[in-house]
Structure formats: structure tokens, C-alpha cells
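Novice: Protein chains in written order, with this note's numbering: chain A, 1 to 425; chain B, 426 to 737.
I should point out that these hints are in silico values taken from the structure, not numbers from a laboratory.
Hints are supplied without guarantee of correctness; some may be wrong.
To be verified - Take a look, some chain A residues computed to stay more than 10 angstroms from chain B by CB distance: (1) Gln-48; (2) Ala-51; (3) Ala-53; (4) Ser-59; (5) Lys-70; (6) Ala-78; (7) Tyr-82; (8) Thr-127; (9) Phe-157; (10) Asn-214; (11) Gly-241; (12) Val-252; (13) Pro-354; (14) Arg-412; (15) Arg-421; (16) Gly-423.
Stated by the list, open to error - Simulated coverage check for chain B against chain A, where a stretch passes if three residues somewhere in it have a Cβ under 8 angstroms from a Cβ of chain A: (17) 480-491; (18) 494-503.
Said to hold, decoys possible - Short, incomplete list of chain A residues facing chain B, as computed with Cβ under 8 angstroms: (19) Gln-71; (20) Met-77; (21) His-102; (22) Asp-383; (23) Ala-385.
The C-beta atom is built at its ideal place from N, Cα and C for all residues, glycine as well.
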Amino acid sequence: MTLTRRSFLTAAGLGVAALGSAASCTSPTTANPGRLTLWYTNGGVADQVVADARQRFGSLFPSQVSGSLKQRLMAAMAGEAYLPDITMLGDDIATYFADTAHFADLNALGAQSVASQYLPWKWQAGTGPDGFQLGFPIDIGPAALYYRADLFAQAGFPSEPDEVAAAVSTWDDYFVFGARLQEKLPGRHLITDTKTVYTYSLAQEPQKYFDRQNHYLGDAPQIRRAWDRALTAFHKGLTGGYAGSQDPGQSVERHAAWNSGKELSFVNASWIVTDLKKSAPETAGKWRVCRSPGGAGNQGGSFLAITKACPNPDQAFEVIRWLLSPENQPRAYLDAGLFPSSPAALEDPRLHEPEPFFGGQVTMTVLSQSAREVKPAYFSPWDIALSDAYTDELTNVELAGKDPGQAWDDARRAVERLLTRQGVL
Amino acid sequence: MATLTRVPDPVRSRAPRQRKRWKYLPHYLAVSPFFVLFAVFGLYPVLYSLFLAMQRWDGVGPMKFVGLSNFQFLVADPTFWDAMGNTLIIWVLSTIPMTALALLIAVGLHSSIRFKGVFRVAYFLPNVTSVVAMSLVFGSIFSSEFGILNWFFGLVGIDPVSWLTDPWAIRVAISIMIVWRWVGYNAIIFLAGLQALPTDVYEAARVDGAGPVRTFLRITLPLLRPVLLFSVVMSAISGLQIFTESQVLLGNRGGPDEAGLTMVLYFYDQSFVHSDFGYGAAIAWGIFVVVVLFAILNWRLIQRPGFLKAGR
Numbered sequence: 001m002t003l004t005r006r007s008f009l010t011a012a013g014l015g016v017a018a019l020g021s022a023a024s025c026t027s028p029t030t031a032n033p034g035r036l037t038l039w040y041t042n043g044g045v046a047d048q049v050v051a052d053a054r055q056r057f058g059s060l061f062p063s064q065v066s067g068s069l070k071q072r073l074m075a076a077m078a079g080e081a082y083l084p085d086i087t088m089l090g091d092d093i094a095t096y097f098a099d100t101a102h103f104a105d106l107n108a109l110g111a112q113s114v115a116s117q118y119l120p121w122k123w124q125a126g127t128g129p130d131g132f133q134l135g136f137p138i139d140i141g142p143a144a145l146y147y148r149a150d151l152f153a154q155a156g157f158p159s160e161p162d163e164v165a166a167a168v169s170t171w172d173d174y175f176v177f178g179a180r181l182q183e184k185l186p187g188r189h190l191i192t193d194t195k196t197v198y199t200y201s202l203a204q205e206p207q208k209y210f211d212r213q214n215h216y217l218g219d220a221p222q223i224r225r226a227w228d229r230a231l232t233a234f235h236k237g238l239t240g241g242y243a244g245s246q247d248p249g250q251s252v253e254r255h256a257a258w259n260s261g262k263e264l265s266f267v268n269a270s271w272i273v274t275d276l277k278k279s280a281p282e283t284a285g286k287w288r289v290c291r292s293p294g295g296a297g298n299q300g301g302s303f304l305a306i307t308k309a310c311p312n313p314d315q316a317f318e319v320i321r322w323l324l325s326p327e328n329q330p331r332a333y334l335d336a337g338l339f340p341s342s343p344a345a346l347e348d349p350r351l352h353e354p355e356p357f358f359g360g361q362v363t364m365t366v367l368s369q370s371a372r373e374v375k376p377a378y379f380s381p382w383d384i385a386l387s388d389a390y391t392d393e394l395t396n397v398e399l400a401g402k403d404p405g406q407a408w409d410d411a412r413r414a415v416e417r418l419l420t421r422q423g424v425l
Numbered sequence: 426m427a428t429l430t431r432v433p434d435p436v437r438s439r440a441p442r443q444r445k446r447w448k449y450l451p452h453y454l455a456v457s458p459f460f461v462l463f464a465v466f467g468l469y470p471v472l473y474s475l476f477l478a479m480q481r482w483d484g485v486g487p488m489k490f491v492g493l494s495n496f497q498f499l500v501a502d503p504t505f506w507d508a509m510g511n512t513l514i515i516w517v518l519s520t521i522p523m524t525a526l527a528l529l530i531a532v533g534l535h536s537s538i539r540f541k542g543v544f545r546v547a548y549f550l551p552n553v554t555s556v557v558a559m560s561l562v563f564g565s566i567f568s569s570e571f572g573i574l575n576w577f578f579g580l581v582g583i584d585p586v587s588w589l590t591d592p593w594a595i596r597v598a599i600s601i602m603i604v605w606r607w608v609g610y611n612a613i614i615f616l617a618g619l620q621a622l623p624t625d626v627y628e629a630a631r632v633d634g635a636g637p638v639r640t641f642l643r644i645t646l647p648l649l650r651p652v653l654l655f656s657v658v659m660s661a662i663s664g665l666q667i668f669t670e671s672q673v674l675l676g677n678r679g680g681p682d683e684a685g686l687t688m689v690l691y692f693y694d695q696s697f698v699h700s701d702f703g704y705g706a707a708i709a710w711g712i713f714v715v716v717v718l719f720a721i722l723n724w725r726l727i728q729r730p731g732f733l734k735a736g737r
């Protein structure tokens with residue numbers, strides 16, 4: 001028996017070794033060799049359109065990535081194995097600008113010829129500092145003011161979209177309007193939290209934290225402006241304090257506020273509508289949309305990119321071009337709430353139907369105007385981390401009673417520390 | 426393994442040292458799976474993270490050697506110290522009530538009541554429930570204005586607490602979730618400990634006229650000490666790695682005042698949210714140092730002369 005055991009163990013050992021070496025030799029560079037693998041998040045690309053693309057392009061292999069696509073993509077890129085041919089990139093696309101060696105330049109595949117079909121600022125957001133076209137626009141997130149027309153009217157305030165837009169054209173107007181309205185409707189609030197004011201105020205600026213050459217703009221006036229606006233809203237008692245309203249724990253609270261009418265209005269990108277409809281179905285017909293205080297701005301929106309590993313980038317580009325074509329974008333908006341990044345799609349009559357949830361208003365009129373007027377600000381690889389540093393401190397002021405001056409100093413210090421660590425300063 | 430060693434064969438031992446090396450090959454192979462797996466999935470990542478802690482790396486592009494500067498940043502990083510404080514506070518806030526409650530439940534289950542099996546399963550269920558699902562449920566329970574907890578507080582005349590926005594309430598809320606999740610697990614362990622206690626001691630106590638409370642304090646508790654110690658050590662290990670509850674309830678930044686930002690959550694935020702893998706690795710080593718200090722503390726506690734025998 002000992003001999004058998006020994007030979008068994010030897011064989012097993014050899015087997016393991018063979019398996020190991022075989023795996024290391026054959027691990028493919030792309031996830032499904034011979035096919036075009038497309039990675040996207042749940043709802044990141046419209047499922048219906050993807051299904052059609054599959055019919056059209058036989059080799060397309062769509063794969064909805066569960067969990068964090070970014071983490072999976074980075075692991076695959078670092079290991080240079082099991083890479084997708086086409087991948088979705090989020091609004092943090094700038095974090096990949098330093099790694100363009102892992103991607104195909106869409107300009108080399110003829111992207112220039114279709115560039116004019118998309119919103120220029122969005123197209124630019126997918127362009128790296130050296131002119132490398134990394135991303136092809138999927139959707140955008142034009143900001144607007146969503147408000148409860150019924151409650152506005154009940155308090156004797158303007159309630160038609162045009163009237164409201166005129167009354168709250170600047171942030172200061174909005175704050176004055178809000179303070180008066182909240183007097184009439186005590187216990188309710190107009191603004192989600194300080195973070196919203198900061199985020200959407202900064203989204204309206206032509207410049208954020210860095211210029212296109214990745215030079216840090218330092219203590220720029222637009223940062224201070226957004227910060228002061230957020231604090232003003234807080235000091236006037238207009239904010240609801242739903243910090244982290246995107247997280248499951250806090251969103252419960254905010255959803256309840258939508259249902260009960262406690263949140264009278266909020267500024268947000270268009271993608272909130274899916275959430276709003278799902279979470280507060282009983283408020284259908286009571287909401288309206290108008291131009292955001294301070295004007296147009298964008299928050300969020302994604303891209304498709306082709307990895308270097310893709311053996312057939314021309315075909316991959318054909319797929320992307322079709323998936324995100326101006327003809328298919330209206331369907332993506334109707335099916336999945338992906339706001340079109342192509343001006344032609346914004347004109348589509350299907351998107352200009354009266355919407356019952358908004359009391360028969362054609363919201364596309366407002367949203368498409370916002371989409372067109374967005375200023376092409378440069379979104380640097382560090383923007384999200386920097387915004388986090390500022391909004392964290394705003395939250396501390398709003399909810400933890402921190403001294404605003406101290407909060408500003410701490411935010412500045414956190415930003416400097418971060419940028420020093422990253423080797424930017 | 427001793428039974429497997431064989432006497433060397435004198436006829437065939439031409440190169441005894443060579444043979445000796447190969448002779449034990451099967452044994453080495455037999456114990457190798459663990460070591461191979463550990464080397465690949467344990468040791469290598471550990472060593473690599475040390476290497477990574479000295480780099481600046483976004484996860485994809487080229488690494489840049491930065492020496493010990495990540496560690497310098499870590500030591501001077503107020504957020505890391507806050508995260509450490511939060512972790513310890515949450516650990517204390519959760520472990521003490523949890524141990525007391527688990528003990529009570531275990532004693533209850535130990536006494537002759539009906540449907541013992543049902544209760545045991547029921548108490549264990551939270552431990553195997555998905556934490557993410559739990560956090561969603563707790564999100565509604567802790568909701569300041571629409572939550573069950575504040576509604577109940579209202580009934581008994583306590584002012585509502587903003588559970589997810591007030592820094593201290595956040596820590597309490599996370600602790601409650603941890604208690605909820607681990608109390609049943611510890612109760613089952615205590616129950617096993619209780620069932621292993623000798624009955625003659627109890628009989629002697631009853632003969633001497635000791636009541637139930639006195640019996641519990643003077644006999645059950647001292648005899649259970651090793652089990653209690655085990656549960657405290659285990660909860661220290663898991664307590665220093667609190668992550669999911671905070672992350673799902675409050676997001677990657679730990680909520681207002683970063684009150685729910687634990688060490689592991691900060692590590693996750695820096696490495697996987699902000700793609701700063703070098704600094705993330707440095708934070709991981711910071712956590713390691715804290716855990717080692719705790720382990721030494723625990724070890725010293727156990728090694729204290731007569732500690733385990735204290736109750737006998």
C-alpha cells in the first residue's frame with residue numbers, strides 16, 4: 001500500500017505542477033479569445049440595445065460585471081490577462097489617462113469622423129491631455145432643479161417650470177426663495193445637503209481643480225465659491241442634512257422625505273429620475289423640472305473604451321459606434337434612463353412626449369438645454385478625491401457641528417497632503 | 426507521521442544522504458498543499474504588500490519607488506489615527522454588551538426550557554445572514570425620522586436620535602449591528618462551555634444552599650473563564666477588522682465626522698476607491714502593527730500566572 005500511496009502522491013504532485021505551468025502558459029490576454037468581450041455595469045449600457053448588437057455582431061460577448069468593474073479591470077490590466085475587448089469607464093475616466101498604453105486610441109480607428117455627432121464637452125472629457133481619445137461617450141448627467149409643484153403652489157409660490165426657473169436663476173435667488181418658502185412650509189427643506197450645493201455649484205464652473213495640463217489651480221475662486229454657497233445654504237437652514245444620500249443607509253431617509261413631501265426640491269443630475277420614480281411612486285404627477293439655479297452643469301456619465309489587448313479594434317469600434325449611435329441613444333434613455341450624449345438624439349420626438357410622472361411636462365426641453373450648455377471643464381484624475389475632501393468637511397459642519405473656518409483649513413490641509421503624497425505638489 | 430518512517434534498506438543505500446533526502450518526499454508532498462497554498466495566497470501577498478507600501482502606484486501604470494514616505498504620511502495622518510480610535514471605540518462598545526448578552530442567552534438556553542433547538546438556530550441566524558441585506562434593514566431601523574427605533578423611543582418618551590448623522594450615535598449604531606450579528610454565535614460557544622461544566626460542583630453548591638444568582642457568579646462564571654477569554658480574543662480579531670457594517674451603512678467615508686471610518690474601511694477607501702495602492706498597503710501594515718500589539722496584550726493576559734486557574 002505504501003508504494004501506491006507514494007506513487008499516488010507523486011502523480012498528484014506532478015499533476016498540480018503540470019496544471020500550474022499549463023495555466024501560466026495559456027492564460028489568454030482577452031477574456032474570451034475569438035469573441036469581442038464587452039464589460040459593462042448593471043444598467044450602464046441599455047440591455048435592449050446590447051441584445052440587438054449581439055444579433056448584429058455575432059462575435060460580441062456582453063458581460064455584465066457584478067461588483068466593481070473598476071477593480072476587475074485594474075486587476076486584469078495589471079495582470080495583462082482576461083481583459084475585456086471593450087470596457088465601460090466611469091466619470092473617473094481621467095484616472096486612466098496615465099495608463100493609455102493599455103488602451104486603443106479611438107482616433108486611430110476613425111473616431112474623428114463621428115466626433116461631431118456628440119456633445120463637444122462630453123467628447124473632450126474622454127480625451128486625454130495628449131489628445132489620445134480614450135473614451136466614446138455613453139451617457140451624461142445634466143443637472144436640473146426637481147421640485148414639488150403642488151407644494152410650491154400650496155404655499156402660494158410660483159409653480160410652473162418657467163416661473164420657478166426665473167425666480168431661482170442664481171444660487172442666491174434660490175436661497176432667498178427657499179428661506180421664504182420654508183417659512184410658509186415649516187419642517188421641510190429645499191436642498192438635500194451641503195454636499196449637493198458644493199458639487200453642483202462646482203459642476204457649473206468652467207474650471208475645477210486642475211487645468212488641462214494637470215497643473216493644480218490651488219486655492220481657486222471657484223472652489224471657495226462653491227464652499228461658501230454650501231455654507232450659506234446651511235446657515236439659512238435650507239439643507240436637509242442627508243449626507244451620503246447615495247448610500248443605502250442614508251437613502252432610506254431621503255426616499256422617505258420624497259414620499260412625505262419633506263424634501264420640497266433638489267438639484268441633481270438627470271439619472272436621479274429612475275431612483276425618484278422607483279422610490280416615491282405615490283408622488284407621481286406632483287414633480288416638475290426646471291433649470292438649475294446657477295445654470296447648466298453635469299454630474300456623472302460614462303464611456304466605452306477599447307483595450308490594447310483587443311485583437312480586432314476596428315471591429316470593436318464598429319460595435320461601439322453602433323451601440324452608442326445617435327439612432328440608438330433615445331432607446332437607451334427610454335429603457336435604461338441613460339441620458340443621450342448626442343445632440344441629434346436629444347431632438348428625437350420619442351423623448352419629447354409629456355411625462356405623467358412630471359404632471360405632463362416635457363422634461364427633455366429643460367434637460368437637453370442643460371446638456372447643451374455644460375461648460376467643458378477638465379476633470380482631473382484627482383478630482384473625485386479632492387471633492388471628497390471638501391464635501392467630507394462640509395458634512396462635518398452640517399452634521400457634526402464643526403466650526404466652518406476649522407473645516408475649511410482641514411479640507412485644505414487634507415487636499416495638500418493628498419496631492420503631496422501623490423507626487424502632484 | 427512517525428509510523429510512516431521506514432528503516433533504511435542496507436542493501437540499496439549507496440548514496441545514503443541523497444536517498445535520505447528523497448525518502449521523505451511523499452511526506453513532504455503530503456503536507457505540501459497547505460504550504461503551497463499559503464505561500465501563494467498568504468506569504469507572497471504579505472511580502473508583496475510590504476514592497477507595495479514603498480511604491481506609489483495607481484494599480485495599472487508603472488510603480489514609482491518612494492521609500493518610506495508612505496509610512497511617514499501614515500504616522501502623521503490624522504485620519505488614520507481617527508480611524509484607529511473609531512475602531513477601538515466600536516470594538517469596546519460592541520464587545521462588552523455582546524459578551525454580557527451572549528452569556529445571559531447561553532444560561533437561558535442551558536436551563537431546561539422547551540424548543541431549545543429552535544432557539545439555538547434562531548440566535549445563530551443573524552450570523553449567517555448577509556451583512557449587506559442586514560445593513561439595508563438596519564438603515565430603516567435607524568432612520569432618524571421614519572425608523573422603528575426612534576418611533577419606539579417616542580413611545581417611551583425619549584428624544585429621537587439621529588442614528589446615522591450624529592458621530593456618537595453612528596458608533597453606537599454600528600456596535601448594535603455587530604452585537605446583533607455576533608451575539609448568537611458567542612451564545613452557542615458559551616452554551617457549549619456550560620454543557621461541559623461538571624455537574625457535581627453544582628450539586629455541592631445546591632447542598633450548601635447557594636441560590637441561582639450566587640451559583641452563577643461564584644461557580645459558572647469562574648469556570649467559564651477560558652471560554653470567555655476565547656470569545657474576547659476572537660472578537661478582538663474580528664473587531665479590529667470591522668468594515669462591512671460601516672461601509673454599507675455609511676459609505677466609503679464613514680459618515681459625518683468620519684465617525685464610522687474604521688481602519689479597514691480607510692484602507693479600502695484609499696486603495697480601491699482612490700486607487701492609491703502604495704498608501705493602502707502602508708495602512709494595511711499600520712493595521713498589522715495594531716493587531717500585533719493587541720495580540721501581545723491578549724497573550725500577556727493569558728500568560729499571567731494562575732489566570733486560567735483563577736476560578737478553581
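Novice: Hint by hint, note whether the structure agrees.
Specialist: Status of each hint after checking the structure:
For A:Gln-48, the requirement that its beta carbon stay farther than 10 angstroms from each beta carbon of chain B is met, with the minimum near 28 angstroms. The Cβ of A:Ala-51 sits about 29 angstroms from the closest Cβ of chain B, beyond the 10 angstroms cut-off, so the non-interface label holds. Against the 10 angstroms criterion, A:Ala-53 stays outside the reach of chain B, whose nearest CB is about 27 angstroms from its own CB. Distance to chain B confirms A:Ser-59 as a non-interface residue, since its nearest Cβ pair spans about 26 angstroms, more than 10 angstroms.
A:Lys-70, annotated as away from the interface, has a beta carbon of chain B within 10 angstroms; the closest lies near 8 angstroms. Consistency note on A:Ala-78: stated as away from chain B, yet its beta-carbon is not over 10 angstroms from all of that chain's, at 6 angstroms minimum. Against the 10 angstroms criterion, A:Tyr-82 stays outside the reach of chain B, whose nearest CB is about 15 angstroms from its own CB. For A:Thr-127, the non-interface assignment is confirmed: its Cβ lies about 18 angstroms from the closest Cβ of chain B, beyond the 10 angstroms cut-off.
With a least beta-carbon separation of about 24 angstroms from chain B, A:Phe-157 lies farther than 10 angstroms from that chain, consistent with its non-interface assignment. For A:Asn-214, the shortest C-beta to C-beta distance to chain B comes to about 14 angstroms, beyond the 10 angstroms cut-off, and the non-interface label holds. At the 10 angstroms boundary, the C-beta of A:Gly-241 falls inside the reach of chain B, the nearest C-beta of that chain being 6 angstroms off. Distance check for A:Val-252 against chain B: the nearest CB is about 4 angstroms away, which does not clear 10 angstroms, and the non-interface claim fails.
Listed as a non-interface residue, A:Pro-354 keeps its Cβ farther than 10 angstroms from every Cβ of chain B; the least gap is roughly 32 angstroms. For A:Arg-412, the condition that its CB be more than 10 angstroms from all CB atoms of chain B holds, with the nearest at approximately 14 angstroms. Distance check for A:Arg-421 against chain B: the nearest CB is about 5 angstroms away, which does not clear 10 angstroms, and the non-interface claim fails. Against the 10 angstroms criterion, A:Gly-423 falls within the reach of chain B, whose nearest CB is about 6 angstroms from its own CB.
Coverage of the region 480-491 of chain B by chain A holds in this model, with 7 residues showing a Cβ closer than 8 angstroms to a Cβ of that chain against a need of three. Coverage of the region 494-503 of chain B by chain A holds. Counting CB-CB distances below 8 angstroms, 4 residues qualify, and the rule asks for three or more. Taking 8 angstroms as the C-beta contact cut-off toward chain B, the hint placing A:Gln-71 at the interface holds, the least distance being around 6 angstroms. Taking 8 angstroms as the C-beta contact cut-off toward chain B, the hint placing A:Met-77 at the interface holds, the least distance being around 5 angstroms.
The closest approach between the C-beta of A:His-102 and any C-beta of chain B is roughly 6 angstroms, which is under the 8 angstroms cut-off, so the hint is satisfied. Because the smallest distance between the Cβ of A:Asp-383 and any Cβ of chain B comes to about 11 angstroms, over 8 angstroms, the interface hint for this residue is violated. A hinted interface residue such as A:Ala-385 counts as satisfied when its beta carbon comes closer than 8 angstroms to some beta carbon of chain B; here the least separation is about 5 angstroms, so the hint holds.
Violation of the numbered hints given earlier is confined to hints 5, 6, 11, 12, 15, 16, 22; the remaining hints are satisfied by the structure.
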